[in-house]
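With the hints as constraints, model all of the structure from the sequences given.
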Amino acid sequence: MNSVPLSKAYALPHPLPLDSGQVLEACQIAYETYGTLAPGKDNAVLVCHALTGDQYVASPHPITGKPGWWERMVGPGKPIDTTRHFVICANVIGSCMGSTGPMSLAPDGKPYAMRFPVITIRDMVRGLVGLLDGLGIARLHAVVGGSMGGMQALSLAANWPTRAARVLVIASTARHSAQNIAFHEVGRQAIMADPAWNGGDYYGASARPDNGLAVARMAAHITYLSEAGLTEKFGRRLQDRAEKGFGFDAEFQVESYLRYQGSGFTRRFDANSYLYITRAMDYFDLAEEHGGRLANAFAGTPARFCIVSFDTDWLYPTAESRHIVHALNAAGAKVSFVELSAPHGHDSFLLEHDQLDRVVQGFLA
Amino acid sequence: MSLRSDLAVIAAHVAPGSRVLDIGCGDGALMAELEAARGCDARGMELDGALVERCVARGLSVVQGDANVDLADYPDKAFDYAILSQTLQTATRPDRMLEELLRVGRRAFVSFPNFAHWRTRMALLIGGRMPVTRALPLTWYETENIHHVTVEDFRDLARMKGARIERAWFFAGDRQIGAPGANWRAEFAVFELSR
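Protein chains in written order, with my numbering: chain A, -10 to 354; chain B, 7 to 201.
Source of the hints: derived by calculation from the structure; they are not laboratory data.
Just so it is clear, the structure is predicted and the values come from calculations on it, not from any experiment.
Worth double-checking, as some hints may not be accurate.
Restraint-style ranges between C-beta atoms, simulated for each label pair [unchecked claim]:
1. A/Val107 / B/Arg201: 37 to 43 angstroms
2. B/Lys83 / A/Ala171: 37 to 43 angstroms
3. B/Gly45 / A/Arg347: 23 to 29 angstroms
4. B/Glu105 / A/Gly281: 25 to 31 angstroms
5. A/Glu174 / B/Pro22: 54 to 60 angstroms
6. B/Pro22 / A/Thr72: 56 to 62 angstroms
Coverage of chain A stretches by chain B, computed from C-beta distances (three or more under 8 angstroms per stretch; other residues unrestricted) [to be verified]:
7. 327 to 336
8. 343 to 350
From the three backbone atoms N, C-alpha and C, an ideal C-beta is built for every residue, glycine too.
See the structure below:
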């Protein structure tokens, strides 16, 4: 990817302190809004995006031209109804769609690249809270997020407990498991093994680590799907050929699909951002931040919670959601939890699912 | 909307404004009543995901879970009342479930179909087959009731668990009946316990 797309951007009026002890100067948060903020500023819903998501939750992506990533959930008359709610979706820091990240210019006028400080999920949320302050929103009607977005929602609830009245966490987790970290490490190593990565210093260069980034995406994409889903969609079918070619082209449909997903991804995402954001997710362990006991993270919380998992999600399986629910119960929080049935694995939260719609709509009502 | 008679009697005797856990809350009818009419802070647990979804969609706080194991999530005395309606007889170990109920709630309401009702006794004595009655409408192979219990069995269990029976209500159909001869005459029983 090359250009920074245009979006509303809020310049934080203060340097952003980070969990690492470092400080991010001149931090920008790019965001989109949908609907109208009520005079009482009490109808705002913050939607937090996942690893490779962005602020274009319900409007076309400026690079790919594809519809917003959650248009089926956010819009007029949709479960997150923009005729009632003022929906905010912001690009997290560390990303590459207009918020400050490794491809942004450092104070010395050159891109940060690997000089960008390592960030955490809580740092991302600190940036989002800065945006809410700028918008004058003291208390959200709800914070909503799937996958990494759910981590942000949990982090907001734990660290800024009065900022959201409702917390909706879908297909997410309170900590990255060894398996989660392992898959991310495969992706990072693929990027860093690409000669074009060049220690992260490629922004002015003719070549970019697109091959490495594509492989990272391919590996990650497998974790977003279910075995049954892959079997149903591709089986062992061959792509544009009748017989095996005894070679290493993308002979199987599933290979062709993954290659397509990988190369498409490099058009819209920055390899260094992928390193930083996956690192932030790997560092995420909400209990660790709160004395080793997850219930402590939610002690005395006034918010209502709704936790949703999918039965075929093996990336953040139901057990992880139950772990969160257990902690919320122990903390005496108002919590709902439902495991929904869907064939598509982790990605189910982005796909058509009537039950999910009803749960989201009911919880936000 | 009118509540099932055992739920109505529970709703009428829960102290207003109390914290309540409804175990096996179904579609949340009792919870909704307790929140709307009694100002309670009601939470629910339900095994069936479709029912949980309906509860959440109507704004109730319900956790999908198995009362046989997931009650362990809750701290001691987390609730003023723990309610178990028409579920005890489906538990893997009703004795342990009652124990958990008395642990998480300061008081407990338990309702169940009385297996010693005269119709049930007759069906078994005369018919020689597992009873299918108004109160127990499913055949032995369909029913989820794996631990049938009588009013006297329940009194024994409560005693064994060191629980005090605060109040009890008995029903034949939708009609409330007196305590005398309840083990013969009651199709359903509701007990309020404390410990």
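Please check whether B/Glu105 and A/Gly281 have a Cβ separation lying inside 25 to 31 angstroms. holds, 29 angstroms
Three residues minimum, CB to CB under 8 angstroms: does the stretch 327 to 336 of chain A make the cut for coverage by chain B? Let me know. It holds, with 4 qualifying residues against the three required.
In this structure, is the beta-carbon distance linking A/Val107 and B/Arg201 contained in 37 to 43 angstroms? Given about 53 angstroms between the Cβ atoms, the range is violated.
Check the following: the C-beta atoms of B/Gly45 and A/Arg347 are separated by a distance inside 23 to 29 angstroms. holds, 26 angstroms
Hint says 54 to 60 angstroms; check whether the CB-CB distance for A/Glu174 and B/Pro22 agrees. holds, 55 angstroms
For the stretch 343 to 350 of chain A, does the count of residues with a C-beta closer than 8 angstroms to a C-beta of chain B reach 3? This one holds; 4 residues, not fewer than the three required, reach chain B with a Cβ under 8 angstroms.
Indicate whether the distance between the beta carbons of B/Lys83 and A/Ala171 respects the range 37 to 43 angstroms. Holds: the Cβ-Cβ distance is about 42 angstroms, inside 37 to 43 angstroms.
Using the beta carbons of B/Pro22 and A/Thr72, state whether their distance is inside 56 to 62 angstroms or not. violated, 36 angstroms
Going down the numbered hints, you'll see the structure goes against 1 and 6, while the others check out.
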